[in-house]
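Residue numbers (the numbering used here), protein chains in the order written: chain U, 1 to 309; chain G, 1 to 361.
Any given hint could be a false lead.
[Unchecked claim] Derived SDA-like pairs: lysine to any residue, alpha-carbon spacing no greater than 25 angstroms straight-line:
id : chain 1 : residue 1 : chain 2 : residue 2
1  : G       : 73        : G       : 174
2  : G       : 73        : U       : 217
3  : G       : 330       : G       : 310
4  : G       : 130       : U       : 137
5  : G       : 107       : U       : 271
Rather than coming from a laboratory, the hints here were simulated on the basis of the structure.
Remember, predicted model here, so these are calculated numbers, not experimental data.
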Amino acid sequence: MQERANPAFYALLVALIFMAVGPIFLMFINSFKLDVDIIGGTTGLIFLPTIQNYETALCDLLWYEPDHLDFCSLKFGGAFINSLIIALISTALTLVIGCMAAYALVRFNFMGRDTVSFTTLMVRMVPPAVLLVPVFGLWNNNFCIREDGFAGMFLPESFFGRGGESCLAGTHGGIILIYVAMNLPFVIWILQSFIVQVPRSLEEAARVDGAGPFQVFFLVVLPLIKPGLAAAAIFTFRIAWNEYLLASALSDRDTRTVPILIVNNMSEFNVEWGVIMATGMLLAIPPIIFTLFASRQIITGMTAGAVKG
Amino acid sequence: MPEIRLDGLVKRYGNVQVLHGIDLAMHDNEFTALVGPSGCGKSTTLRMIAGLEGVSEGEIYIDDRPVSQLDPKDRGLAMVFQDYALYPHMDVARNISFALRLQKRPKAEIDAKVREVAEIVGLTDFLSRKPGALSGGQRQRVAMARALAKDSDIFLMDEPLSNLDAKLRGQMRAELAIMRQRVQKNMIYVTHDQIEAMTLADRIVVMHGGYIQQQGSPAELFKSPANKFVAGFLGSPPMNFLSSTLAMEGDTLFAKGQGFNIAIPAEKAKSLGRTDGAVTLGIRPSDLNHDPNAPDETALDLQVQVSEYIGAQSVLICACGSANVTVELKSETPIALNETLRFAVRPEAIHLFDDKTELAL
Numbered sequence: 001m002q003e004r005a006n007p008a009f010y011a012l013l014v015a016l017i018f019m020a021v022g023p024i025f026l027m028f029i030n031s032f033k034l035d036v037d038i039i040g041g042t043t044g045l046i047f048l049p050t051i052q053n054y055e056t057a058l059c060d061l062l063w064y065e066p067d068h069l070d071f072c073s074l075k076f077g078g079a080f081i082n083s084l085i086i087a088l089i090s091t092a093l094t095l096v097i098g099c100m101a102a103y104a105l106v107r108f109n110f111m112g113r114d115t116v117s118f119t120t121l122m123v124r125m126v127p128p129a130v131l132l133v134p135v136f137g138l139w140n141n142n143f144c145i146r147e148d149g150f151a152g153m154f155l156p157e158s159f160f161g162r163g164g165e166s167c168l169a170g171t172h173g174g175i176i177l178i179y180v181a182m183n184l185p186f187v188i189w190i191l192q193s194f195i196v197q198v199p200r201s202l203e204e205a206a207r208v209d210g211a212g213p214f215q216v217f218f219l220v221v222l223p224l225i226k227p228g229l230a231a232a233a234i235f236t237f238r239i240a241w242n243e244y245l246l247a248s249a250l251s252d253r254d255t256r257t258v259p260i261l262i263v264n265n266m267s268e269f270n271v272e273w274g275v276i277m278a279t280g281m282l283l284a285i286p287p288i289i290f291t292l293f294a295s296r297q298i299i300t301g302m303t304a305g306a307v308k309g
Numbered sequence: 001m002p003e004i005r006l007d008g009l010v011k012r013y014g015n016v017q018v019l020h021g022i023d024l025a026m027h028d029n030e031f032t033a034l035v036g037p038s039g040c041g042k043s044t045t046l047r048m049i050a051g052l053e054g055v056s057e058g059e060i061y062i063d064d065r066p067v068s069q070l071d072p073k074d075r076g077l078a079m080v081f082q083d084y085a086l087y088p089h090m091d092v093a094r095n096i097s098f099a100l101r102l103q104k105r106p107k108a109e110i111d112a113k114v115r116e117v118a119e120i121v122g123l124t125d126f127l128s129r130k131p132g133a134l135s136g137g138q139r140q141r142v143a144m145a146r147a148l149a150k151d152s153d154i155f156l157m158d159e160p161l162s163n164l165d166a167k168l169r170g171q172m173r174a175e176l177a178i179m180r181q182r183v184q185k186n187m188i189y190v191t192h193d194q195i196e197a198m199t200l201a202d203r204i205v206v207m208h209g210g211y212i213q214q215q216g217s218p219a220e221l222f223k224s225p226a227n228k229f230v231a232g233f234l235g236s237p238p239m240n241f242l243s244s245t246l247a248m249e250g251d252t253l254f255a256k257g258q259g260f261n262i263a264i265p266a267e268k269a270k271s272l273g274r275t276d277g278a279v280t281l282g283i284r285p286s287d288l289n290h291d292p293n294a295p296d297e298t299a300l301d302l303q304v305q306v307s308e309y310i311g312a313q314s315v316l317i318c319a320c321g322s323a324n325v326t327v328e329l330k331s332e333t334p335i336a337l338n339e340t341l342r343f344a345v346r347p348e349a350i351h352l353f354d355d356k357t358e359l360a361l
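Just chain U, with the same shape it has in the complex (with noise of 0.2 angstroms):
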């Protein structure tokens, strides 16, 4: 006989799913009403819909002039790019330090392997507000190349700004350095669990075949942990796309990121609520298309048949 499920369990999914899906579709739809719609307080189904929201969000990207826009003070599409660079190069950087860590390690015999395993994971534990005011004032002040100093003789004038310096902060490789520094204890503690499941055997095997260490770990260890790769690139892409916070403070208005420009477009005296609404949809593709594309690479047994259990 089977059992029935009690109705209260059914209305707490659907609660709950509710609670998961609602904002989205509640952004879904207002992304196409005017503000006027949206303050109004018309919350029905029924409205008029436009993309003229996505049209201001998008204006520096458009081929056309929008007849409701005569000035485009948004530039997404700077941003959208800006984001895509930190976010894509810090994932990779990430990844490969962190394989390599966790590689050396989960294998190699070295003083201090266990403290220097355990404080990997004691420093992600640092809230990244705690890193903004150091790292705020190194990358302004510390990481600098002064146009009189040593570096600077190689370089062109036109790389130096205001000052006669140029420095860390404000540039792309200031933000990518910084979320690289946040993720990886998180990656190598990931990675190492998957590095540790590789039976030992597989690289004496590949030893012996002639491999050297980096073709052991190219050849052999790395395709056996893709879905570990997979997993922590989901993971550090998400952050890097979402960080707010240090990338408030460290970049310019040439490098800022889609978060930083969603929330520049509330002003004191206007919140343009559906071309907020707007950028957070086209905020949302790319981490989802990343993750889809990402998610395939897990597959779990990827070590089945190597060795007799």
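With chain U fixed as given, assemble chain G onto it according to the hints.
Same frame as chain U, but now just chain G:
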């Protein structure tokens, strides 16, 4: 087809010494089996030859070239691992060709080689499968093929059959013996299974506790074991040991123990060099024949405790005084439990071991 020589090989893990000066020479095209119980150091020895374990002391020579400091890839050897160690993300063909691809050989040559070894081990139909889709025996063949493809003269095998079930193991053992005839290589085979060692090897090296106990051809080791350990390790069912005391009665030397008094053949007695003292008498089950009319001085009276029926033969575990003695008997012979049977001892098959040193006398 090089000659491998181990010279005073020592292995220490911290303060624990697991190999105590192994001296061994393995010749051209010889199939050497390192055999011994778990933890005797046989796998460690093999892994040191392969270069997967460092050498604490001593040296390994391949054709008089010291190799103990070389990487595994520079020693020119191939190895089959106990757990197969197949690359799970590559199909069978790519597993087999991995070493060749690392050497950047031409593609046509690689393909030809893969086909050749796949045929030797009977994997031609499975070349595009991943290891995960193969059975245990097939995986074992892939591991074998991968090592064969490498074309190295030295072929190391670390308990290659121990993960297979009993029937498959017998089958693979026979295939290995056939492959052995086709492939002229210097093979070193580690096993804890004395049957594998006996059937496959040209030379058996029995190891125990990090020392070599004895080495020689299977027949030599079986017929004249150097000590009690080797005697008990080789042969199935294992040799029976009975404590006894030597005593002269008239012209004949007797080994006397609980419930038996067996005459030692004159030749053997002469070579012993002693006529008294405690010794261990060793007799293989196959050297005991059921014979109710055997004379007292060449017979054991055994009381049947357990009868293990295994088909044509039954293995009987019997009591002889306080010791247990295993004998084999044709299954047709009617026997009852607790019945006392008389078994004749083949006089030339008597082994005697010193009680203290356990060395053969």
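Right, here's what the structure says about each hint:
1. The suggested pairing of residue 73 (chain G) with residue 174 (chain G) is violated, with an alpha-carbon distance near 30 angstroms, which exceeds 25 angstroms.
2. In summary, the hint linking residue 73 (chain G) to residue 217 (chain U) is supported, as the alpha carbons are separated by about 15 angstroms, within the 25 angstroms threshold.
3. This hinted pair checks out: residue 330 (chain G) and residue 310 (chain G) have alpha carbons roughly 10 angstroms apart, not beyond 25 angstroms.
4. The suggested pairing of residue 130 (chain G) with residue 137 (chain U) is violated, with an alpha-carbon distance near 54 angstroms, which exceeds 25 angstroms.
5. The straight-line distance between the Cα atoms of residue 107 (chain G) and residue 271 (chain U) is roughly 65 angstroms, outside the 25 angstroms bound, and the hint therefore fails.
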